[in-house]
Amino acid sequence: MTAPRPYALLAELSYRCPLHCPYCSNPTHARNDGELTTDEWRRVLREATELGVLQVGFSGGEPLVRRDLAELVRGAREGKLYTNLITSGVGLDEARASELREAGLDSVQLSFQSDDADLGDEIAGVRAHQRKLAAASFIRAAGISLSLNFVIHRRNIDRLPQMIGLAEALGAERVELANVQFYGWAFLNRAALLPTREQVTRAREVATAAKARLAGKIDIFYVLPDYYETRPKPCLNGWGQRYLTVNPTGDVLPCPTASSAIPDLRFENVRARSLDWIWRRSESFNRFRGTEWMPEPCRSCPQKEIDFGGCRCQAALLTGNAGNTDPVCTLSPNRARVDAVLRDVNLSVVATCDWMLRVNPSKEAAAPLDLGAALS
Amino acid sequence: MFSGPCLTRFIMLMPTQITDDARPRLASGVRLQIDSATGKSVLLFPEGIVELNETAQEILARCDGRPLSDIALGLAEEYEVDLATLAVDVREILADLQRRKLVEIS
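In order, the protein sequence lines correspond to chains Y and D. Once you know that position 154 of the first sequence is 155 in our numbering, the rest is easy, because the numbers rise by one and skip nothing. Once you know that position 95 of the second sequence is 161 in our numbering, the rest is easy, because the numbers rise by one and skip nothing.
Be aware that one or more of the hints could be misleading.
Pulled a few chain Y residues facing chain D out of the computed Cβ check, cut under 7 Å [unchecked claim]:
1. Thr3
2. Arg6
3. Tyr8
4. Leu11
5. Glu51
6. Gly53
7. Asn85
8. Glu103
9. Gly105
10. Asp220
11. Tyr223
12. Gly239
13. Ser283
14. Asn287
According to the in silico footprint, chain D covers these stretches of chain Y (three or more CB under 8 Å from chain D) [claimed, not checked]:
15. 54–66
16. 106–120
Because the hints were derived from the structure by calculation, they are not lab data. If you're wondering where the values come from, they're calculated on a predicted model, not measured in any experiment. Beta carbons are placed, not taken as given, at the ideal position from N, Cα and C, and that holds for glycine.
With these hints in hand, go ahead and build the complete structure from the sequences.
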């Protein structure tokens, strides 16, 4: 099918990060050598603008580990891109915040692991909470729009009211409460991270009430935990429709988790091809574009243009085939695999379960972790 | 358990709260821009893009700190439409954008 124009680019500048969150969606076997240079990123940003992209999110890993971040923001603004920094806040001081503001940074999405310092530091695997509070004040002082991002899971979901309270106290314009999605490290730690049904029901009530109470003051964006849904999320608004991701070494991905979740898909690199060619012509962007690729029950489903068959990465991780219907859908022949996970979590008498903290990529590519073992 | 419908009604009442002397501006982190691919105006904000229709674009282009009554009057004169009807539309659009934190009203 013909390629539409993309709206947003996710620029993953580095997989390095000072935090070790067990729900990180980065690949579990990333390498840290061969990151794109400043000039290469500036070219990517120019090519993205020419393709029609209007927004860029600088992410990672931790984008602040790149000393050339302000220069990249300037490059993006030359093409009138809306610039958004998605950061842990660790490494952001007063000087850096004003440097980024002067470069034209529009907005910062600052992650918090909890409102509570001890729990937050435990989840991050490092003492980061106080530095995040300081980062929030530097961002406000520089006059940059501030959003707080919380990843919600079993250990922090009961603190939703306090987390919303923190967003109010820090003067955030927007707060994103996103239930953990199971890719990368999060997939390995599913048993420890998935909330119970009771927790999810309560959290939804809290989020709905807060959204009404704070309307016009803070925009609250609540992301549902899709395992508890009966229909899949409209992942990416369709494969290769609106979004593209460029990872630290220049691979162009239809979805940031695709490189680890779908091993049989070959991705093109900006060092070898133009972004335009990759977006329009590459096999990876065309494989699941449109509705032609769909199997039943999606093919004859009236919802197929609404949820697009759900998430390709989730289908790959849970069924071994990225071309299957997302097993979150109750019409999927593989829904039992999601139900089995939910049953284990909701029947378990053990309230907590150990998780594995993310480790940083090294020069040597670590042996890929056995995802099959994590399924059982 | 689900309190959605009541909350919706509450929010629907908000337009009447915007008075003639209210001064709407784009909220922090929100940018109004022409999309060069389509020539249309868009609002850009964190992880979001809204394509504006002509009415919304004309209203937002005037959200520079002047009061709502001036915005409505200016538009009514320029497009030769009934001021009372237009003022209702302007309030509704601004209330919707305010609720989504895209416009701030002081």
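For the hint on Gly239/Y, does the least C-beta distance to chain D fall short of 7 Å? violated (16 Å)
Please count how many residues of the segment 106–120 of chain Y have a CB within 8 Å of a CB from chain D and say whether that reaches 3. holds (count 3)
Restraint outcome when Gly105/Y is required to lie within 7 Å of chain D by C-beta distance: violated (10 Å)
Interface hint check: Ser283/Y, Cβ to nearest Cβ on chain D, cutoff 7 Å. Holds or violated? violated (21 Å)
Annotated coverage of the segment 54–66 of chain Y by chain D, confirmed only when three residues or more have a Cβ within 8 Å: Answer holds; 3 residues pass the 8 Å Cβ test.
Hint status (Cβ of Leu11/Y to nearest Cβ of chain D, threshold 7 Å): At about 10 Å, which exceeds the 7 Å cut-off, the nearest Cβ of chain D leaves the hint on Leu11/Y violated.
Is the shortest C-beta separation between Thr3/Y and chain D less than 7 Å? Result: violated, 15 Å to nearest chain D Cβ.
Hint check: is the beta carbon of Tyr8/Y less than 7 Å from a beta carbon of chain D? With a minimum Cβ separation of about 6 Å from chain D (threshold 7 Å), the hint on Tyr8/Y holds.
Minimum beta-carbon distance criterion (7 Å), Glu103/Y to chain D: For Glu103/Y, the interface hint is violated, since the closest Cβ of chain D sits about 16 Å away, which is over 7 Å.
Supplied contact hint for Arg6/Y, tested at 7 Å Cβ to chain D: holds (6 Å)
Quick check on Asp220/Y please, does its C-beta sit within 7 Å of some C-beta on chain D? holds (4 Å)
Interface restraint verdict for Tyr223/Y against chain D (beta-carbon cut-off 7 Å): violated (13 Å)
Of the numbered hints stated above, those contradicted by the structure are hints 1, 4, 5, 8, 9, 11, 12, 13, 14, listed in ascending order.
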